[in-house]
Amino acid sequence: MSRPGRHEAQGSGEPEDGGSSRGSQHRHDRHDRHSSDVERGNDGSKERKVFGTGLAKGLAVTLRTMTRRAVTEHYPEAQPELPPRTRGVIGLFEENCTVCMLCARECPDWCIYIDSHKETVPPAAPGGRERSRNVLDRFAIDFALCMYCGICIEVCPFDALFWSPEFEYAETDIHELTHERDKLRAWMWTVPEPPALDEAAEDAKELATARRTADKLAAQERAEASGGRGAQGGDGPGEGAS
Amino acid sequence: MTLAAGHPGFLSPTGVEVVFLLVGLVTLGAAIVTVTTRQLVHAALWLVAALGGVAVEYLLLTAEFIAWVQVLIYVGSVVVLLLFGLMLTRAPIGRSPDADATRRWPALVVALAAAGTLVTVVVDAFRSTWVEVDGAVAGASKVTGVALFRHWVLPFEALSVLLLAALVGAIVLSRRSGDGAGRTGGRRADERGGKGRS
Amino acid sequence: MDALDVTVRIVAVLLAFLVLPLLVGQTEHKVMAHMQGRVGPMYAGGFHGWAQLVADGVKFAQKEDIVPAGADRRVFQLAPALALLPYLLVLVAIPVAPGGGVAQALDAGIFFVLAVMGVGILGSLMGGWASANKFSLLGGLRTAAQLMAYELPMLLAAASVAMAAGTLSLPGILGVWEWWWLPWQLIGGVVFFTAGLAELQRPPFDAPVADSEIIFGAYTEYTGLRFALFLLAEYAGIVVLSALTAVLFLGGWHGPFADGLGWLWTLLKTGVLAFGVIWLRVSYPRLREDQIQRLSWTVLVPLALVQIALTGVVKVVM
Numbered sequence: 066m067s068r069p070g071r072h073e074a075q076g077s078g079e080p081e082d083g084g085s086s087r088g089s090q091h092r093h094d095r096h097d098r099h100s101s102d103v104e105r106g107n108d109g110s111k112e113r114k115v116f117g118t119g120l121a122k123g124l125a126v127t128l129r130t131m132t133r134r135a136v137t138e139h140y141p142e143a144q145p146e147l148p149p150r151t152r153g154v155i156g157l158f159e160e161n162c163t164v165c166m167l168c169a170r171e172c173p174d175w176c177i178y179i180d181s182h183k184e185t186v187p188p189a190a191p192g193g194r195e196r197s198r199n200v201l202d203r204f205a206i207d208f209a210l211c212m213y214c215g216i217c218i219e220v221c222p223f224d225a226l227f228w229s230p231e232f233e234y235a236e237t238d239i240h241e242l243t244h245e246r247d248k249l250r251a252w253m254w255t256v257p258e259p260p261a262l263d264e265a266a267e268d269a270k271e272l273a274t275a276r277r278t279a280d281k282l283a284a285q286e287r288a289e290a291s292g293g294r295g296a297q298g299g300d301g302p303g304e305g306a307s
Numbered sequence: 002m003t004l005a006a007g008h009p010g011f012l013s014p015t016g017v018e019v020v021f022l023l024v025g026l027v028t029l030g031a032a033i034v035t036v037t038t039r040q041l042v043h044a045a046l047w048l049v050a051a052l053g054g055v056a057v058e059y060l061l062l063t064a065e066f067i068a069w070v071q072v073l074i075y076v077g078s079v080v081v082l083l084l085f086g087l088m089l090t091r092a093p094i095g096r097s098p099d100a101d102a103t104r105r106w107p108a109l110v111v112a113l114a115a116a117g118t119l120v121t122v123v124v125d126a127f128r129s130t131w132v133e134v135d136g137a138v139a140g141a142s143k144v145t146g147v148a149l150f151r152h153w154v155l156p157f158e159a160l161s162v163l164l165l166a167a168l169v170g171a172i173v174l175s176r177r178s179g180d181g182a183g184r185t186g187g188r189r190a191d192e193r194g195g196k197g198r199s
Numbered sequence: 188m189d190a191l192d193v194t195v196r197i198v199a200v201l202l203a204f205l206v207l208p209l210l211v212g213q214t215e216h217k218v219m220a221h222m223q224g225r226v227g228p229m230y231a232g233g234f235h236g237w238a239q240l241v242a243d244g245v246k247f248a249q250k251e252d253i254v255p256a257g258a259d260r261r262v263f264q265l266a267p268a269l270a271l272l273p274y275l276l277v278l279v280a281i282p283v284a285p286g287g288g289v290a291q292a293l294d295a296g297i298f299f300v301l302a303v304m305g306v307g308i309l310g311s312l313m314g315g316w317a318s319a320n321k322f323s324l325l326g327g328l329r330t331a332a333q334l335m336a337y338e339l340p341m342l343l344a345a346a347s348v349a350m351a352a353g354t355l356s357l358p359g360i361l362g363v364w365e366w367w368w369l370p371w372q373l374i375g376g377v378v379f380f381t382a383g384l385a386e387l388q389r390p391p392f393d394a395p396v397a398d399s400e401i402i403f404g405a406y407t408e409y410t411g412l413r414f415a416l417f418l419l420a421e422y423a424g425i426v427v428l429s430a431l432t433a434v435l436f437l438g439g440w441h442g443p444f445a446d447g448l449g450w451l452w453t454l455l456k457t458g459v460l461a462f463g464v465i466w467l468r469v470s471y472p473r474l475r476e477d478q479i480q481r482l483s484w485t486v487l488v489p490l491a492l493v494q495i496a497l498t499g500v501v502k503v504v505m
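Chains as they are written, first to last, in the working numbering: chain P, 66 to 307; chain X, 2 to 199; chain L, 188 to 505.
Only chain P is shown next, with the shape it has when bound in the complex (with noise of 0.2 angstroms):
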């Protein structure tokens, strides 16, 4: 009594959901097997299915898929292939971390614990002003706590934290899963290289802006052993490149 309405609603659905995955060939591929069907069906129902087509279709399902490779991830014996964006765990580059308290702050359920204090420092030319900074004594954060939301990591404005997808840290008692810098710290090693760009992305802003200057000064160096005026010149292709 339920299934051909349950049909119709699949019939109305299908071509939505096609056109939002049009992005990926893949995705794509399969919408348009699928959609055949949904029409042979119609016009099967318009005709007279041969009995049994659909039992038989049922079956070559289950047989095909058990001649197939099965899904499972045996874990404990291999280690599952992660994707390098996976939010397993947060990682500390302590090098990068000026404890500005921004991800402590932006945290949704506060937990990231940091305690830091102000050294002074000898001025950089003699007779300046000493300067002032901020010395992390403790970073740490309680995965009991946390949810993986990932916003400490967008919001950190030089670089510090980093997914890694190092997974293996549950703990038997509830108050050890807060962990301190010197763990965060390893975890950093584990991070994985960033994916690499497509072919025909452009550049990050940083390299652009490095090549950009680089290739200034070295216009400017042609300019000057040639005497001429070459620098719009050596202008152009960096533009073009990036």
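What the hints contain is simulated information worked out from the structure, not anything from laboratory work.
Fair warning: this is a prediction, and the values are worked out from it, not measured in the lab.
Yeah, the Cβ is synthetic: ideal placement off N, Cα and C, and Gly gets one too.
Hints should not be assumed to be uniformly reliable.
Stated by the list, open to error - Taking lysine-lysine and the DSSO-like style, the derived pairs with C-alpha atoms no more than 30 angstroms apart in a straight line are:
no.	chain 1	residue 1	chain 2	residue 2
1	L	217	L	246
2	L	321	L	250
3	L	321	L	217
4	X	143	L	502
5	L	250	P	122
6	L	250	L	217
Stated by the list, open to error - FRET-style restraints, in silico, Cβ to Cβ:
no.	chain 1	residue 1	chain 2	residue 2	range
7	L	249	X	18	39 to 49 angstroms
8	P	116	X	107	50 to 60 angstroms
9	P	266	L	210	52 to 62 angstroms
10	X	107	L	260	49 to 59 angstroms
11	X	33	P	116	27 to 37 angstroms
12	P	165	L	237	41 to 51 angstroms
13	L	484	X	153	29 to 39 angstroms
To be verified - Stretch by stretch, here's where chain L covers chain P in the computed footprint (C-beta under 8 angstroms, at least three residues):
no.	stretch
14	132 to 140
15	282 to 290
Given the coordinates of chain P, assemble chains X and L onto it according to the supplied hints.
Coordinates of chains X and L only, in the frame set by chain P:
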């Protein structure tokens, strides 16, 4: 089957005869418990034991075919139907208060009369017939089939017609006769609803 | 038949009864898993979880045997045995190989087998009633309704084979079996197998134990070994049904080199059918109770009658 003219008597029973008697006693006991127990479902289950005992008796008399049909029809289907009916209506665990029949004595008289008649008829019919248990199987399906469809074909067909009539009758009774029944059902539902509200 | 011969046969039947259902159960674990893109048990026994059912058995044996307070104790405790034993008895009558390859040849073998299989249902009924649980009672009711609906087509289909062979004895049927019986008795075979599935309450006919509606039907209140016995009965039922279908409709031991390898043919056909039972379970959704009843009375019974008519016509013409 041979006539037992001075043939094996009852004084030196063979093993089969002893077993026959014992199974008979068990069957009788189960049957008595069936009608005396106060627990409805237990009565049905004791009926299984009684019917199974009868099947074993058939087997001991080498009537293999009849024995298995007995199990198939009575134990496998009739008792299941009985249990189904009990479960569908009312089958309390423990004693059923209304299982104690008030007309116990008339029932006993009728049962005794029926048993007396049957025993008299059977004893009279097979007074001196002897079943040779060790010899060729007297109740094999082939023998039974020949007897049924050659000598007793008319009663068999009459029974079939009777069963068919019962079947048709059951269907007619259980059929809802168009609008009339539907309306009564609706009215009854209304009544029930009214009671619930009041 | 001397004592040694009898002992050997009994031991063989007992061994088959203890091993084959476990084999089917393990196959179901693995086949079902792979049909769903999983791998199934992998640890017990080391190699691909081959000892999973042994481990299950040990687990069941360790569990506490609980009888609900409101239950009818004796009936409740007796039910699993009554559910399991009939299948052991049936195995006795199934011919495996030509020339006396059967534990006990029976004159009315078909009737014996079907009668005793029907008795097994009583176990579920008793369990369902005695549990003092409404879900169990519902399961028992559905079991009874299903049995009554499917006993008829099953008997009719079996009767068709008996008509064709002119005997009720299982070895006798195989003795006169010819290959063209395969298409001749095809409808009967399908009806018999389907009705058998329904009697075993296997999916898609598992409304009596439908776990999402009535927990586990008649077995809801059972624990430990008694529950294991019910499960064992289900798998023994699969073995018996597959073997019977193989003997009645697929020619049992017939096949190349039947004289020496007859038993292998029987086992092979039984195995293929058991695989089919598992396959059906994975592929099809559960039928509703009214659909189950309708399938039996409006499809299977008429089909079985058609098969009987066909058998009769061919038998008279030839």
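Going down the list of hints, with the structure as the test:
no., hint, verdict
1, 217/L / 246/L, "20 angstroms, holds"
2, 321/L / 250/L, "24 angstroms, holds"
3, 321/L / 217/L, "34 angstroms, violated"
4, 143/X / 502/L, "18 angstroms, holds"
5, 250/L / 122/P, "42 angstroms, violated"
6, 250/L / 217/L, "25 angstroms, holds"
7, 249/L / 18/X: 39 to 49 angstroms, "48 angstroms, holds"
8, 116/P / 107/X: 50 to 60 angstroms, "59 angstroms, holds"
9, 266/P / 210/L: 52 to 62 angstroms, "57 angstroms, holds"
10, 107/X / 260/L: 49 to 59 angstroms, "35 angstroms, violated"
11, 33/X / 116/P: 27 to 37 angstroms, "55 angstroms, violated"
12, 165/P / 237/L: 41 to 51 angstroms, "59 angstroms, violated"
13, 484/L / 153/X: 29 to 39 angstroms, "31 angstroms, holds"
14, 132 to 140, "holds (count 5)"
15, 282 to 290, "violated (count 0)"
Of the numbered hints listed earlier, those contradicted by the structure are 3, 5, 10, 11, 12, 15.
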